[in-house]
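Respectively, the protein sequence lines represent chains A and B.
Residue 1 is where the first sequence starts when you use the working numbering, and the numbers rise one by one after that.
Residue 327 is where the second sequence starts when you use the working numbering, and the numbers rise one by one after that.
Honestly, the hints are just simulated from the structure, not real lab data.
These numbers were taken from a predicted model, which means no experiment stands behind them.
Built from N, CA and C at the ideal position, the CB exists for glycine as well.
Some hints could be false.
Between beta-carbon pairs, the in silico distance windows are [what the hints assert, rightly or not]:
| # | chain 1 | residue 1 | chain 2 | residue 2 | range |
| --- | --- | --- | --- | --- | --- |
| 1 | B | Ile333 | A | Glu159 | 48 to 54 Å |
| 2 | A | Glu83 | B | Lys453 | 24 to 30 Å |
| 3 | B | Asn432 | A | Asp234 | 41 to 47 Å |
| 4 | A | Asp234 | B | Ser354 | 35 to 41 Å |
| 5 | B | Asp355 | A | Lys182 | 16 to 22 Å |
| 6 | B | Thr455 | A | Val168 | 35 to 41 Å |
| 7 | A | Asn215 | B | Asp405 | 50 to 56 Å |
| 8 | B | Asp390 | A | Thr118 | 33 to 39 Å |
| 9 | A | Glu159 | B | Ser361 | 20 to 26 Å |
Below, a list of computed lysine-lysine pairs in the DSSO-like style, where the Cα atoms sit at most 27 Å apart [said to hold, decoys possible]:
| # | chain 1 | residue 1 | chain 2 | residue 2 |
| --- | --- | --- | --- | --- |
| 10 | A | Lys220 | B | Lys465 |
| 11 | A | Lys182 | A | Lys148 |
| 12 | A | Lys75 | A | Lys61 |
| 13 | A | Lys69 | B | Lys465 |
| 14 | A | Lys182 | B | Lys359 |
| 15 | B | Lys359 | A | Lys174 |
| 16 | B | Lys453 | A | Lys203 |
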Amino acid sequence: MKKLVLFVALFALAFNLHAVILKTSFDSQEYVKLLSALKNNPDALSSYSSQLQQIFGTSDKVILLNIDKSQIYIKLNYKQVLEVYEGGCDNCVLPNPDLTITISRDAILSIQNSPDQTATLQRLLVGGYVGFSSTNPIVQAELKAALKSGLIKPTPFGEGSQVTIDGVTGTVEKYQDLFKVKINKDYYVLNPFGGIIGALPKKINLYMNPPKGLNLYFNKPPGILAQSPGLIYDTVTKNPNVMGPQNVFKKNPGLIGPDQILKQNPGLIGPADIALLNPNLAGPAQFAYLLGIGAHSYSAQHLVNSHMVSNYVMPNLGNHNRWGQP
Amino acid sequence: MKKWIIITLIVLVLIVAGAYFYAYAPASDYVEKVSLEERSDNANLYATLLGAGIQDPFVDVNSDRVYVAYELPQGSNSDIMQRFVLGAAADANPNTQQLIVTEYVNDQPVTTWTLSMSDFKSFMTQKITEQQLDVTIQKQNY
């Protein structure tokens with residue numbers, strides 16, 4: 001039992017360390033860089049120091065964290081992280097880890113994005129999705145036995161479960177082989193361990209049934225967004241660098257759609273123009289222009305000058321748009 | 327006697343191997359069925375369409391095809407929007423095989439346009455004209 005407690009504490013340590021990892025891309029150099037920020041920071045391990053002392057005593061230990069293809073060595077004692085470095089480097093001598101934790105990126109994200117992190121962690125542990133190996137075979141066997149003994153009993157998760165997100169509780173429904181829960185107006189998608197993996201548009205029940213006659217099948221749960229629709233909306237409409245129709249509408253209440261924008265704003269001649277105001281939308285804008293949407297020489301020249309449309313587009317664009325208007 | 331020694335050795339090897347796997351069996355990798363990259367592609371395409379005035383579209387991006395279903399914004403031209411959405415869908419995953427876009431009006435499907443990515447790329451590289459591309463777009467009305 002003691003070992004079990006310690007081993008869960010160790011795992012918690014790993015996740016304390018990984019929390020910073022998730023702020024950026026999943027690149028081992030980034031891992032090292034971010035974990036290094038914890039070096040000599042007494043707060044980094046303060047929550048776990050007593051457990052760590054039970055496990056390690058006061059001596060320095062090395063934990064190897066395997067996340068997909070990344071290998072991160074963390075040298076620490078019960079007080080603080082002493083060193084963090086990347087495995088697989090050329091001509092470097094790596095220490096033998098006292099403990100190795102193996103976990104996938106998706107499993108980490110699952111815990112990080114769970115409304116009940118402890119339960120999700122326990123479900124992953126029981127499912128065998130987190131690997132521990134110790135250089136000490138006796139400890140290793142004890143850890144394994146602890147897992148199989150049924151001491152870890154996560155709360156069941158599935159259809160009908162109650163989940164609380166942002167203070168609002170909803171009932172879990174099946175979403176193909178995943179789950180969804182409606183919180184306020186948004187549907188969140190959860191994996192079988194209770195981790196949030198995304199969100200769905202509001203009309204998911206309408207759109208996930210394609211029209212009859214359209215031979216379209218979803219082999220995987222469709223339409224999952226990495227962020228909630230509300231957050232995306234806020235990002236698009238509130239970011240000062242993004243100018244969408246919503247912004248135009250707010251400034252011009254009399255405008256009701258792209259056609260009106262096209263007619264009433266000399267500088268805006270269609271969706272492509274609206275899109276190009278967002279620097280991330282150069283691709284669609286270019287395609288729209290190539291298709292002749294709002295093909296207007298002045299705007300096209302503006303796009304070329306902005307390096308948003310290739311020079312070869314120009315010969316395809318006349319002085320008139322597709323409706324013959326100059 | 328020799329036979330018993332061999333049997334004993336085999337049993338010992340099995341016990342050691344079993345103990346090893348019991349103690350050191352690696353964890354299974356948990357991989358989401360819909361990858362983070364696919365979910366991010368969906369979110370990016372959703373944002374693009376939202377930026378063009380399409381409220382709360384349905385987007386599903388993967389390596390086989392990009393499917394978009396959306397409600398035509400009030401006052402918008404169907405043809406304009408369909409073409410714009412095709413372009414945005416193509417941009418969401420340049421390595422996909424097919425683009426499928428269904429337009430709804432008042433929650434009822436009105437038309438579906440299907441375009442192969444190879445035709446789209448042919449057009450982008452000026453191997454076919456706009457008129458030729460138009461012919462390759464399959465339009466199904468409801």
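Results for each hint:
At roughly 51 Å, the beta carbons of Ile333/B and Glu159/A sit within the given window of 48 to 54 Å. For Glu83/A and Lys453/B, the Cβ-Cβ distance of about 56 Å falls outside the hinted range of 24 to 30 Å, so the restraint is violated. Separation of Asn432/B from Asp234/A is about 27 Å and departs from the stated range, judged on CB atoms against 41 to 47 Å. In this structure, Asp234/A and Ser354/B meet the distance hint of 35 to 41 Å, their C-beta atoms being roughly 37 Å apart.
The hinted range of 16 to 22 Å is not satisfied by Asp355/B and Lys182/A, whose Cβ atoms lie roughly 31 Å apart. A hinted range of 35 to 41 Å is violated for the C-beta pair Thr455/B and Val168/A, which are about 54 Å apart. A hinted range of 50 to 56 Å is violated for the C-beta pair Asn215/A and Asp405/B, which are about 24 Å apart. Our hint of 33 to 39 Å for Asp390/B and Thr118/A holds, since their Cβ atoms are close to 38 Å apart.
For Glu159/A and Ser361/B, the Cβ-Cβ distance of about 24 Å falls inside the hinted range of 20 to 26 Å, so the restraint holds. As the CA atoms of Lys220/A and Lys465/B are separated by approximately 25 Å, the hinted pair is consistent with the 27 Å bound. Among the hinted pairs, Lys182/A with Lys148/A is inconsistent with the structure: their alpha-carbon atoms are about 35 Å apart, more than 27 Å. About 6 Å separates the Cα atoms of Lys75/A and Lys61/A, which keeps this hinted pair within 27 Å; it holds.
Among the hinted pairs, Lys69/A with Lys465/B is inconsistent with the structure: their alpha-carbon atoms are about 45 Å apart, more than 27 Å. Distance hint between Lys182/A and Lys359/B is fulfilled; the C-alpha atoms sit about 21 Å from each other, no more than 27 Å. Of the pairs offered as hints, the one joining Lys359/B and Lys174/A holds, with about 15 Å between alpha carbons and a cut-off of 27 Å not exceeded. A threshold of 27 Å between alpha carbons decides the hint, and for Lys453/B with Lys203/A the separation of about 39 Å lies outside it, so the pair is violated.
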